[in-house]
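Protein chains in written order, with the numbering used here: chain U, 1 to 135; chain E, 1001 to 1135; chain V, 2001 to 2135.
By construction, these hints were calculated from the structure, which means they are not laboratory data.
Bear in mind that the values here come from a model prediction, so they are computed numbers and not experimental data.
Backbone N, C-alpha and C fix where the C-beta goes; we use that ideal spot for every residue, glycine too.
A portion of the hints provided could be inaccurate.
Restraint-style ranges between C-beta atoms, simulated for each label pair [what the hints assert, rightly or not]:
hint	chain 1	residue 1	chain 2	residue 2	range
1	V	2017	E	1014	15 to 25 Å
2	V	2121	E	1099	20 to 30 Å
3	U	64	E	1054	19 to 29 Å
4	V	2033	U	92	41 to 51 Å
5	U	64	V	2010	18 to 28 Å
6	U	11	E	1089	25 to 35 Å
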Amino acid sequence: MPHLVVLYTPGVDAGCDMTALCRKLADTMLAVRDEAGRQVFPTGGVRVLAYPATHAAVADGSGDHGFVYFNLRIGRGRSAATHKAAGDALAATAREHFAPLLQTRRLGLTLQIDEGQEVYDARFGNLHPLFASKG
Amino acid sequence: MPHLVVLYTPGVDAGCDMTALCRKLADTMLAVRDEAGRQVFPTGGVRVLAYPATHAAVADGSGDHGFVYFNLRIGRGRSAATHKAAGDALAATAREHFAPLLQTRRLGLTLQIDEGQEVYDARFGNLHPLFASKG
Amino acid sequence: MPHLVVLYTPGVDAGCDMTALCRKLADTMLAVRDEAGRQVFPTGGVRVLAYPATHAAVADGSGDHGFVYFNLRIGRGRSAATHKAAGDALAATAREHFAPLLQTRRLGLTLQIDEGQEVYDARFGNLHPLFASKG
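Chain U extracted, bound-state conformation (with noise of 0.2 Å):
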């Protein structure tokens, strides 16, 4: 946690280079602090997977319609303004990525961010340790 994992059609990759918004989006996520100025996402944690789908359909198919869909999984008990400052911080980018091509095409854009309910947890990766002394 947190996992930023990014579904879209296929196509809109052709439009938009979606390894430098993963990076932007995870340097966002890096950036968010809480009310008391703390980094929010502990830096081993941050993670963006994007995944183009193989198949798919939008609305009612009257046009080559578009869609990107950002869900963002975090762990419990962070506060309201958190989710609010991370969720707007991340749709910024997002919108900012996106501008060049919204002018040529339409594309539907959603952000989602779920709080995990998990009843297990584990860590058991070599990642973490690299960057506990940076929070």
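With the hints as your guide, set chains E and V onto chain U.
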């Protein structure tokens, strides 16, 4: 919202046109009506994304068994009757589409509807306005 | 149910046989027993699907860090002890499988179990009956 994400084992699409299925599922969602006869899902919000897995394992590995998982995420607050109407309609569409394939191979088919419990929700594309007058 | 979905950064599968991992994880799920010694997950319901991301970003981008996320979705109502048994067993299987790769690179590994809170659930394939007698 609503988002229908379809995850399936590799090779299922060899026996079945998944792009056509996505369109049928989207049309099914558009046709769902509530108790008062109103369209449940706004046209501009209907999205179906299908993803074949790159790697998979099913059951005990005793045969080339396939699996398709349909997950529909919708907004909160709709009635149980609407949930059932949407689920039954989507399952009927999928069942009909897979009927030929089910004659030739074993396939697990599961459809679940989740109500999103998101703590942040933003839409910032230009697709919804196009359909605003169509519900 | 249960569905185990594995999402990972591009390139992780270059150092690791992910199809073999899926099979090991499915076998691990099949071997989970509850407090009374009964098989927890019905054979015909065990599914593992793995998806390499097409685009990704991890942490602060300071190295070629990888990430693998295991999300198991199960039905409601199982005990905390069963959740822990399933989670610990799956994490042990994954840890062993990734041990060689963890010698050569940084990899974040997270495993979470969610209880589905679906408002609609239908199974309509022909796979479950094949295993009905096997639990």
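### Query
What hints, given by number in increasing order, does this structure fail?
Hints that this structure does not satisfy do not exist here, as all of them hold.
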